[in-house]
Structure formats: structure tokens, C-alpha cells
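*Asks:* Going down the list, the protein sequences come from chains H and R.
Going left to right, the first sequence walks through residues 0 to 262 as numbering that gives the first Met the number 0 numbers them.
Going left to right, the second sequence walks through residues 0 to 285 as numbering that gives the first Met the number 0 numbers them.
Honestly, I wouldn't trust all of these hints.
Label pairs and their in silico Cβ distance ranges [to be verified]:
no. : chain 1 : residue 1 : chain 2 : residue 2 : range
1   : R       : I31       : H       : V79       : 17 to 25 Å
2   : R       : G185      : H       : L11       : 19 to 27 Å
3   : H       : N183      : R       : A46       : 54 to 62 Å
The list that follows gives simulated cross-link-like pairs (lysine to aspartate or glutamate, DMTMM-like), each with its CA atoms no further than 20 Å apart [to be verified]:
no. : chain 1 : residue 1 : chain 2 : residue 2
4   : R       : K98       : R       : D178
5   : H       : K48       : H       : D230
6   : H       : K10       : R       : D178
7   : H       : K120      : R       : D249
8   : H       : K174      : H       : D158
9   : H       : K120      : R       : E40
10  : H       : K94       : H       : D158
11  : R       : K98       : R       : E174
12  : H       : K174      : H       : E163
13  : H       : K48       : H       : D34
14  : H       : K10       : R       : E174
15  : H       : K94       : H       : E163
The hints are simulated quantities; they were obtained by calculation from the structure and are not laboratory data.
Heads up, the beta-carbon is just placed ideally off N, CA and C, and yes, glycines get one too.
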Amino acid sequence: MTGRRIHPLSKLFGWLVILFLAGPIVIVIGTSVSDTPYLAFPPQGFTLKWYANVFNHSGFLDTFIISMQVAIGGTLIALVTGLAAAYALTRYRMKIPGWYGSVFFLPFFIPEIVFGFSLLKTLIVQFQLPILPSLILGHAILCLPYMVRVIGASLAGFDFSIQEAAISLGMHPVKAFWTIVLPNIRSGVIAGMVLAFITSLNDMAVALFLTGPGISTLPIEVFTYVQQFFDPTVSAVSVLLMGVTILVMMLIERSLGLSKTVQ
Amino acid sequence: MTSRVSLVQRLSALGPWLLVLPATAVLLFILIIPVAGTLAESFSNPAGLFANYRDFFADSYNRTVMIRSFRIAFLSTLTALILGFGGAYMIANSSQGLKRVLLILSVFPLLTSVVVRSFSFMAILGRNGVVNTALMKLGLISEPMEMLFTQGAVIAGLAYLFTPLMILSLVGVLENIEDDLYLAAGSLGAAPVAVFFQVTLPLAVPGMIVGSVLVFTGSLATFVTPTLLGGEPQMTLATLLYQKAMISFDWGVANTIAAIMMGTAIFCVVVLGTIAGRISARRAVH
Numbered sequence: 000m001t002g003r004r005i006h007p008l009s010k011l012f013g014w015l016v017i018l019f020l021a022g023p024i025v026i027v028i029g030t031s032v033s034d035t036p037y038l039a040f041p042p043q044g045f046t047l048k049w050y051a052n053v054f055n056h057s058g059f060l061d062t063f064i065i066s067m068q069v070a071i072g073g074t075l076i077a078l079v080t081g082l083a084a085a086y087a088l089t090r091y092r093m094k095i096p097g098w099y100g101s102v103f104f105l106p107f108f109i110p111e112i113v114f115g116f117s118l119l120k121t122l123i124v125q126f127q128l129p130i131l132p133s134l135i136l137g138h139a140i141l142c143l144p145y146m147v148r149v150i151g152a153s154l155a156g157f158d159f160s161i162q163e164a165a166i167s168l169g170m171h172p173v174k175a176f177w178t179i180v181l182p183n184i185r186s187g188v189i190a191g192m193v194l195a196f197i198t199s200l201n202d203m204a205v206a207l208f209l210t211g212p213g214i215s216t217l218p219i220e221v222f223t224y225v226q227q228f229f230d231p232t233v234s235a236v237s238v239l240l241m242g243v244t245i246l247v248m249m250l251i252e253r254s255l256g257l258s259k260t261v262q
Numbered sequence: 000m001t002s003r004v005s006l007v008q009r010l011s012a013l014g015p016w017l018l019v020l021p022a023t024a025v026l027l028f029i030l031i032i033p034v035a036g037t038l039a040e041s042f043s044n045p046a047g048l049f050a051n052y053r054d055f056f057a058d059s060y061n062r063t064v065m066i067r068s069f070r071i072a073f074l075s076t077l078t079a080l081i082l083g084f085g086g087a088y089m090i091a092n093s094s095q096g097l098k099r100v101l102l103i104l105s106v107f108p109l110l111t112s113v114v115v116r117s118f119s120f121m122a123i124l125g126r127n128g129v130v131n132t133a134l135m136k137l138g139l140i141s142e143p144m145e146m147l148f149t150q151g152a153v154i155a156g157l158a159y160l161f162t163p164l165m166i167l168s169l170v171g172v173l174e175n176i177e178d179d180l181y182l183a184a185g186s187l188g189a190a191p192v193a194v195f196f197q198v199t200l201p202l203a204v205p206g207m208i209v210g211s212v213l214v215f216t217g218s219l220a221t222f223v224t225p226t227l228l229g230g231e232p233q234m235t236l237a238t239l240l241y242q243k244a245m246i247s248f249d250w251g252v253a254n255t256i257a258a259i260m261m262g263t264a265i266f267c268v269v270v271l272g273t274i275a276g277r278i279s280a281r282r283a284v285h
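Use the sequences and the hints to build the structure in full.
*Replies:* Pasting the structure below:
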């Protein structure tokens, strides 16, 4: 479809909205290189010292490592459980009732802060689970809907009769899954993992309640830092975080196409 | 032999259920039971089933916080709805190539951390922020205005946070309005403004409802933005929940706030979701 003609005023308004959404990011990038001890935009002078600060502040590096561990752990749990569920929901549509699939979207509807508080009371206080596994389990829940949804979407386009043909010719069903189904839905699996990973990396609500002395995640560390020091170091961390996100978005774009993933 | 075959058959009949079992178990033990526990505990005051709620609402400060939270959530939903509609309307009516670029531009903030996005508004609204600097350079004000820690700052920050979600909810709906409808309306003599109000807007209602549910429940549950942009003077339910749970360890009140937030979210999703579904279904029939 080529563009429909819309009123110039609504076009102008649309562009202002895009500016509203993209502007703050440009401003953060600008302040991160400004040679002033406070946030200045347009930047005054040019310096990379705020980026150096990020790497000199041990809190950011330490929590980045924990964030990575949690994101990898959470993504993997969500991947294994979500892939199996998505496969069963699409392949055996006749046997599993349709509403069952929507159960996996519950994490989208429960306010995250309520979820985080509930996890604190059960996992940490009641079951005395250490912080790291608790964080991983909490993030696995946040990641699960993306896996079920994105992998489910790519399975919906897969012709299961190919797999059945292989099985009827004597291939073991598990081998048929690995060699026939999985390669065909690879892009969906990658996209699901990437979305899950970003979600985990950005999570505040769960980490807010589950982090404790010694173990914290990067967003929590940045949040604490902002409340104490209001300087361009945070801009620099933000830009670095955005860099990771762009990298990851390019991965999705290459493997599946962003518009398919987000709609 | 026959019994073994039937056992294998029975097991393979269970197969689909065995495959959904791990995900279901994780969901049940890590999400459903803990959250249900919180809801149950909000009623478990020995003084009576609703004693926690009675105590919560008896405190005028709590009432103020709650009303403020709903007002902030409502106003940020309205702002996101207006901005999101404007953005989605342009994106939906753009050519294929531009559409892709605009969609990426508007969705990108969604993929950055809430802390980063709230922080960017501190950089914009702060004393040395972009707005104050610009206004002072233009000579419109002589001293920086205090814009942080106001309700307006929280609403702006939340609208920024959630407008991309609104755009995503609306782009598909607006794209699917058929060209024929516009042509028909135009050939029957409707002015562009009339076409917008009589064709585009009514057809977008289900998308607007879905988007509004997402933004309203999200605004109510967000902790970081009200903390960084509103601070103590703009305490909301989410920030009060955090304070009660982690600073004063008053878990009775925290449970009650959590239950109120859950109730609101369920109400919005079920009631408004059903309305949106009904409207779409009725359209499909006609």
C-alpha cells in the first residue's frame, strides 16, 4: 500500500510525536559527551571522560555481570519451557483448549510491582532462596510470554506434515523435532530470546524487591546512582545500554523483521 | 503385550500436556501462587476480612495517594492516547519504506530501560535542563523554573514511557481500515474532517481501548518514573507500596495496596477488554 493522503496538520502533529519519542534519546546522547559536570544540552565541548567514569565505577561493571547472568539464566529457562509449550499449543491444537494458550500471557497483565513484592515474600522470605536464583526465576516469568508468543507465531507458519512424513519414514520423533522443526523456526526462537533478553536486562520491578546486599542488577545500580549523583555518567551508561539494545535489535531485524515481532 | 501398547498410547496421548507442563509449573509456582498469596493475605487480618482495607482507607494520606495515582494514570493515558493516535495515524498512512523507519523510531524507546527513559526527562525538565536553558536563552524567563517533582513532570514522563505502546496498539487497526471506505465517504461528499470523525475514529475505538488499558495499568504500576520525576511530593500507589514493603516493613498495608492495584488491573483488562472485543465482533458480523 502506498501512503494515503492525510491532512498536513495531522502530518505535522505526527512528526511532533515522533520528535517527542526520539528527542529525549538524542538529548541523553548529547549530554553524555558534554564537557560540563552537570547535564548540558546542546553539549558544551566534547569529552569521553563520562564513559571512562562508567568503567571506573566498579558498581556498574559488577552489576552488569550479574545482569548478564540473570538475563541468560532467565532467557534459557523461558526458552526451554516456552518452546515446549508453544510447540504443544500449535501442534496439538485439537487436544489443548484454546484458552490455555492465553494463560501464558498472565505476566503481561499482573502489575510488575505486585509480582516483585509477591516474589520477595515467597521465594526470599518463605523459602529462603538465595537472591541470584530468585532473580533468575522471576525474570524467567517475565520472559515466558515473549517466547510463547514469538515462537508460537513462527510455528503457526510451519507445515507439520513434513515432520509427520519423516516420522512415518522411521525417524525418531525427538530427532525429527531437532532436525526438521527447529531449523525451520530458528528465526522465531532467536527473536523470542532477544526480546526476553532485553526485557530481563531492563527489568526494574522484580529486581527492586529481590536485590540485596552484594547482589544488584545494572538498572538498580543506575537508579541508585541517579538519586545520589546527577551527572553525565548516567547519560554515558544510558548510551552504552542503548548500544546493547541496538545491537540486539539488529539481530531481530536480520532474523525475523521487527514489524512482525512487535505486532 | 496389548496392555503395554495401550500404556504407550496412553502416554503419547498425554504428550501434549507433558510438553506444556514445565511452563505451567513455572508459572504456577513463581507467579500464580505468590500473587494469589498476596491477595489472600490482604484479607487475613484477624480483626476481620476487610480490616486491612478499612484501615487503609481510614487514613486520609492513603486516600490522597490513591486519588493522585488514579489522576496521574488517567491523565497520562489521555496524553498517550492523543499523542499515540497522532503518531499511529501518520505511520499507518505513510508509504511502506517510511512506515518502517517511523515504526522503529517510535518503538525504540520501548526497548530501553525505564530508568534511562525517566532519567532523560530529568535532563529535559531539570534546573539546567533543556527546557529551562532554551526558555532563558529566548529571554522568556529570567530564572529557571522548577519543573521536576511536579505532577506534570510525572505525567509527561509516563506519557513518554507508554506512547509507543499506544502507537503499536493503533497502527494495525488504522492500517486495516480499507481504502474503499475512505473513497466511498469522499465520493458521498464527506469533508476530510468529517471522514476522520465518522469513519476513522469510530473504527479505531477497539485499538484505543486496548492501548488505554495497557497505558493505564502500566502508569499505575510504574515505580521508577514517579520516584525520579515526582519524588516524595508526588507519592503514588506504586511508590507507597515499595516504601511500605522495603522501608517501613508494613506488609499488611503493602498487601492491601498490591491487592488494590491487582483489582484495578483485572477490572480494566476484563471490563474494557470485553467492551473492545464486543465492538470488534459486532463489526465483523455486519
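*Asks:* Which of the listed hints are broken here?
*Replies:* none
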